[in-house]
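Protein chains in written order, with numbering that gives the first Met the number 0: chain A, 0 to 446; chain B, 0 to 357; chain C, 0 to 404.
Don't read these hints as lab results, they were simulated from the structure. Be a bit skeptical, because a hint or two may be false.
[To be verified] Pairwise CB distance ranges, derived in the manner of DEER restraints:
id, chain 1, residue 1, chain 2, residue 2, range
1, C, Glu-40, B, Glu-177, 23 to 31 angstroms
2, B, Glu-177, C, Glu-215, 45 to 53 angstroms
3, B, Asp-104, A, Lys-72, 48 to 56 angstroms
4, B, Glu-36, A, Glu-443, 50 to 58 angstroms
[What the hints assert, rightly or not] A short, non-exhaustive set of chain A residues, derived as facing chain B with CB atoms under 7 angstroms:
id, residue
5, Ser-89
6, Ser-91
7, Leu-310
8, Pro-311
9, Leu-312
10, Ala-314
11, Val-317
12, Pro-329
13, Gly-365
14, Leu-371
15, Ala-374
16, Gly-378
17, Glu-382
18, Thr-425
19, Thr-426
Glycine residues also receive a C-beta, built at the ideal position from the N, C-alpha and C atoms.
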Amino acid sequence: MLAPALLAWAPTISAQEPADPPAETQIFIKAERVIVQPGKELKDAQVLVQGGKVLAVGTDLVAPDGAKVLETKVVCAGFIDPWSTLGLDSASASLRDTNILTRAVDALNPFGSAVHLQAALRAGITGYGVALGGKASVKGLGAFVCTANHADGGLDVLLKDSFIGATVGSSGDAFDRIGYAERLVKYIKAGEDYRVEQVEYTHEIAKWRTEIAESEVKLEKDFKKAKKSRDKEIKEAEEDNKKFKEESYREDRQPRKPRFDAEKEAWARVAEGTLPLVVEAHRYVELSALLDGTKAFDRLRLVIAGGTEVLPLAATLVKRSIPVIVWPTPLGSKRPAGMRAHDLSLAGALAEKDVRVLLGSGGTSGTRDLPLLAALAVGHGLEPEKALAALTTEAARALDMGSILGKVRAGYRADLLLLDGDPISTTTSIRQVISAGKIAFNVEGGQ
Amino acid sequence: MNILIAPILSALCAVSGDTGSLVLQAEVVHGPDGPIEKGRILIRDGKIEAIGAGLELPEDGHLIELEGHLSAGLVAMGDQTGLKGEALDSTRQIMDGADLAFGYDKTDDGWGAFLEAGVTAVLLTPKPGALVGGRTAVVKPAGAMVQRRAHLHVCFSNAAFKPGVAPTSYPGAISMLEQRMKTPTGGFALLGKGLGVLLAAKTRAEGLRAVAFAKRHDLTGALTGVSRAGDLADELHDAGLGVILPPIGAAADPRVPASAATLGKKDIPLAFSLGATNRSPHALRISALRCMKAGLARDAAWKALTSGAGEIANAPVGSLAVGRAADMVLWSGDPLELTSQVERVWIEGKQVHGDDDQ
Amino acid sequence: MIYPGFLISCVLLALASPAPEAPKPVDLTVHADYLHVAPGEVVRNALIQIRDGKIASVLPGRSAPDGALSAHSIMAGMIDASARVTPGDVAVEQSKEVITNLSVTDSLDFFNPAWDRLARTGVTTTLIAPPDYNVVGGFSVVVKTSGPKRVEARVVTGASILRGAIGELPSAGNSPAFGRPTNFYARRPTTRMGVEWEWRKAFFDAAQSARFPDAEFEGADVLRACLAGDVRIFIQAWTTADIRTAVYLDEEMQAEGYGDLDIVIDAGAEAWKEPAFLVRTGTPVVLPPFPATGRLGERAFMPWDTGRKLTDLGIMIALSAHGETGLKERLSAQAGYAIRGGLTFDEALACVTTTPARLLGVEKQVGAVKSGMDADLVLWNGAPFSATSNIVGVVASGEVVLTPR
């Protein structure tokens with residue numbers, strides 16, 4: 000009686016067997032042009048995206064079953080804005096009370112800026128560097144954030160400590176501004192010294208430990224003799240009515256560990272090059288003071304933001320491989336302090352001298368306009384290929400994301416733009432934006 | 000040979016003035032009926048005599064072949080460059096007899112920025128602060144006055160109110176205007192007889208009142224300053240008014256350019272202004288591009304920058320039509336591409352900006 | 000009982016030749032377990048059919064059809080006789096103390112989201128007046144809180160209502176002129192006495208202009224219409240002294256033979272203190288929102304049982320919320336407080352529907368759920384105005400403004 004019941008049951012058991020786990024969404028893109036990186040393009044190529052990364056790029060790929068197929072004219076890497084305040088709570092964006100430990104991630108407000116983030120995403124910016132502090136002299140830890148939301152609705156922060164932001168020369172006369180530059184150099188020096196102290200300490204304590212070990216071995220050997228001579232000395236001291244002074248050995252003094260200083264620790268990271276330092280400076284006086292002062296730090300990674308009057312120092316910038324983030328915005332007669340000499344041809348002029356040029360939105364939340372500003376810069380002399388590089392590979396490289404962003408290559412994060420024309424052209428429209436392997440924006444609506 | 004002689008001759012032409020005729024040929028000429036491939040323009044005495052693809056060279060004509068796109072210069076609707084302190088007279092609320100033309104300063108440094116951005120005509124407007132600020136004027140940057148009295152500037156926003164001076168309210172302001180329209184004198188008398196009306200407002204409700212006022216008195220002109228004027232499209236169409244949009248900045252509400260696209264779809268004449276603050280004239284093209292990205296048709300955007308703006312400005316500017324003054328710009332590419340820059344600018348046939356090396 | 004007959008007539012209609020014009024389809028059907036047609040009239044299991052923004056019919060004893068909007072209780076959309084949704088002082092002309100030729104209509108902004116918020120609290124019709132910074136501010140206008148964002152679509156024609164104030168507000172911000180007056184704020188009254196003088200002077204001058212043609216002045220026609228009773232005047236008077244002044248103004252005009260003013264006291268918080276002259280002149284009062292602490296504008300005091308007291312004396316009262324939309328401040332909450340202070344449910348319902356409709360002259364159009372009137376409904380999930388029930392839906396001119404979820 001049980002058997003037929005079981006038999007009746009059996010098909011339902013097998014029907015209830017768990018099916019294969021749902022495949023991760025695969026996206027297969029067919030494009031007339033795949034811009035792997037500025038200067039390297041593939042014609043009639045395909046890109047396979049899976050699991051948030053680009054799996055393969057080639058000219059003879061075939062769409063796997065179940066993959067979503069998209070066709071487009073041009074594919075390029077998502078744009079990056081290295082100098083933005085998008086997503087920051089408005090009061091924090093202009094906070095002046097910052098120090099090197101203030102973190103931009105603590106002030107991110109995805110809900111308040113949802114509309115602007117969406118607008119930036121639709122304009123093609125998939126990631127950006129954000130720091131708070133406005134024009135404060137030390138702005139703190141900047142973060143690298145993605146414009147598309149995280150799966151759980153919050154902001155997708157790729158790097159909580161992407162760079163340190165600073166400003167030199169936002170106010171004061173020439174001597175004041177040089178003073179600010181020198182102060183910054185002093186901080187970096189303090190950081191470097193702190194690191195040197197730490198390294199010296201580790202050497203010293205290691206040495207001390209070996210010496211103690213050796214002395215102990217020696218003492219063990221001559222214990223009796225040493226004890227006898229010590230007793231004799233004590234007795235002599237008692238007889239002479241003198242206080243017996245213990246002999247102090249150098250080994251007893253343990254090398255003191257340098258006191259932990261969080262700020263100096265952060266500056267040390269800057270001095271040794273693990274954290275890039277993005278300094279906003281516009282006028283020649285402070286730029287030159289800054290470059291002179293930081294010459295001694297050979298591992299410091301400096302990035303200049305703004306650089307309105309930096310052209311005369313182009314040779315130094317090239318030699319030390321210092322990139323410049325240019326803000327090619329049209330300004331009328333009312334200009335912010337330091338930008339009186341602002342010229343739209345700065346980006347082109349710098350690029351011509353082989354300076355690494357990046358394009359940013361000037362520390363405003365106008366990130367969505369970056370492609371427009373890039374086009375304006377191209378219109379004033381920047382080569383289109385260099386403009387695209389500024390928006391992708393160079394920006395990724397400067398903010399330590401060069402191995403996962405900025406190119407359409409296997410293994411890189413899938414932040415891609417699908418366009419119907421040249422990426423820098425203003426009449427091109429972006430059809431789809433893929434962020435972390437998912438379609439974050441589709442001009443046709445829906446996914 | 001032509002290429003070598005051309006620069007010298009064009010320089011001579013620039014020096015000697017308007018004698019002789021000049022033929023400019025460019026890859027694309029944006030004429031009044033659309034783009035012309037390998038188009039040519041014949042200019043004589045500073046005016047356009049002919050425009051087309053296969054124009055024949057007259058005997059005294061010099062041909063200059065240019066690389067790039069040739070188009071009419073852009074028209075900026077709403078600016079106070081050069082006016083300095085003259086943009087507003089705060090002694091009276093109604094200054095219908097005041098002409099902004101008297102405050103025009105040809106020698107102001109700010110005009111250079113306009114030429115660099117390819118703008119060859121500017122509508123001067125008063126600063127908001129009075130109910131009727133004066134009569135607007137159309138000028139060429141650092142050049143001639145095209146139209147002494149284009150519109151009467153009437154302010155329907157609360158910027159017109161000053162403490163302690165009548166009117167202090169919207170109903171009071173409208174009543175005061177209606178009083179003046181009952182027995183029109185001065186500037187009011189010219190409304191409808193060649194003088195248009197420029198209705199300045201900020202909010203949509205103010206815009207509605209302004210448009211209703213224009214409809215009541217059968218006035219022609221435009222509404223300026225209302226960012227989301229698309230919501231008033233039906234009333235604007237009914238009243239036959241145009242719209243001048245304030246500059247659309249980086250942080251603009253996305254409904255603003257979408258609203259401009261609505262206006263374009265409903266065929267309402269559109270133009271862009273630079274606003275009361277001193278903005279860079281590049282803001283004109285950028286505002287137009289933002290609207291295009293939100294759905295404004297390409298033709299409508301181009302018209303808004305050139306011929307449409309000229310129509311709203313009541314002045315013969317913004318178009319390369321035969322008989323018009325030769326105010327032209329040579330762009331390195333498509334003018335609606337921000338990657339194209341201004342290479343040369345001519346005003347009335349004379350080159351006023353750009354190098355001669357081509 | 001009605002049912003079979005209904006069926007038969009349907010069949011007959013079907014068999015007969017097709018009607019020349021098919022009846023227009025009903026736009027919206029709403030069902031209520033309890034429909035408060037008007038104060039004192041309740042219909043059980045009512046089916047309200049709405050067409051073209053008006054109530055087409057109210058059918059009793061029906062069950063809720065599938066998919067129709069349904070609620071426990073439904074009442075007419077509320078009317079706030081003193082909602083203050085204006086852009087502030089730019090809505091009233093202050094260059095002259097007595098303005099009779101202007102209307103607040105020219106300053107209305109229907110793009111303000113405050114209108115939607117107000118509509119969602121169940122207030123479907125409001126009286127908007129020029130703010131009381133002026134002695135006489137101009138004409139008020141009756142406005143619907145939802146609909147197309149255009150003046151023509153929202154204004155409701157009712158009685159002509161002029162607005163004025165007695166008390167502190169018209170003289171606030173003025174100062175006496177020391178030396179040459181630089182602007183009109185130095186010319187205006189600086190005390191209550193001065194404000195009251197402006198009122199009497201205005202009517203005195205109007206009466207003189209009626210007698211002597213060369214005493215005519217701008218705005219006299221409106222003031223004469225007031226004296227004739229053709230224009231109703233809403234006067235804001237918080238304290239008992241100011242209410243007294245307003246009513247004595249009316250009585251003085253009658254005594255002098257100039258005319259009979261038709262006055263309504265707005266924000267008459269202290270009407271309960273000296274109600275005798277309100278009774279003898281039959282002046283209606285619009286009460287301000289009940290305060291949590293007892294003290295109101297201009298330090299007036301209004302106890303919770305004000306509604307009961309005034310109604311017992313026969314004074315017509317309406318409740319108002321001054322445009323507040325908070326859960327404890329909105330007009331439906333004010334009706335709840337009035338009930339707690341002693342009013343019966345129907346009296347409170349009248350205070351927010353039929354009475355303000357009468358005061359505004361729009362009683363044929365709004366204030367009750369009757370055929371031919373505007374389809375303005377408020378849907379509750381319990382007894383209206385009760386602390387345990389909520390407004391779950393609002394229908395305004397046939398459009399569902401707040402959807403029950």
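Each hint tested on the structure:
no.: 1; hint: Glu-40(C) - Glu-177(B): 23 to 31 angstroms; in the structure: violated (47 angstroms)
no.: 2; hint: Glu-177(B) - Glu-215(C): 45 to 53 angstroms; in the structure: violated (20 angstroms)
no.: 3; hint: Asp-104(B) - Lys-72(A): 48 to 56 angstroms; in the structure: holds (49 angstroms)
no.: 4; hint: Glu-36(B) - Glu-443(A): 50 to 58 angstroms; in the structure: violated (33 angstroms)
no.: 5; hint: Ser-89; in the structure: violated (11 angstroms)
no.: 6; hint: Ser-91; in the structure: violated (17 angstroms)
no.: 7; hint: Leu-310; in the structure: violated (19 angstroms)
no.: 8; hint: Pro-311; in the structure: violated (23 angstroms)
no.: 9; hint: Leu-312; in the structure: violated (26 angstroms)
no.: 10; hint: Ala-314; in the structure: violated (27 angstroms)
no.: 11; hint: Val-317; in the structure: violated (25 angstroms)
no.: 12; hint: Pro-329; in the structure: holds (3 angstroms)
no.: 13; hint: Gly-365; in the structure: holds (3 angstroms)
no.: 14; hint: Leu-371; in the structure: holds (6 angstroms)
no.: 15; hint: Ala-374; in the structure: holds (3 angstroms)
no.: 16; hint: Gly-378; in the structure: holds (4 angstroms)
no.: 17; hint: Glu-382; in the structure: violated (11 angstroms)
no.: 18; hint: Thr-425; in the structure: holds (5 angstroms)
no.: 19; hint: Thr-426; in the structure: holds (6 angstroms)
Hints 1, 2, 4, 5, 6, 7, 8, 9, 10, 11 and 17 from the earlier list are contradicted by this structure; the remaining hints agree with it.
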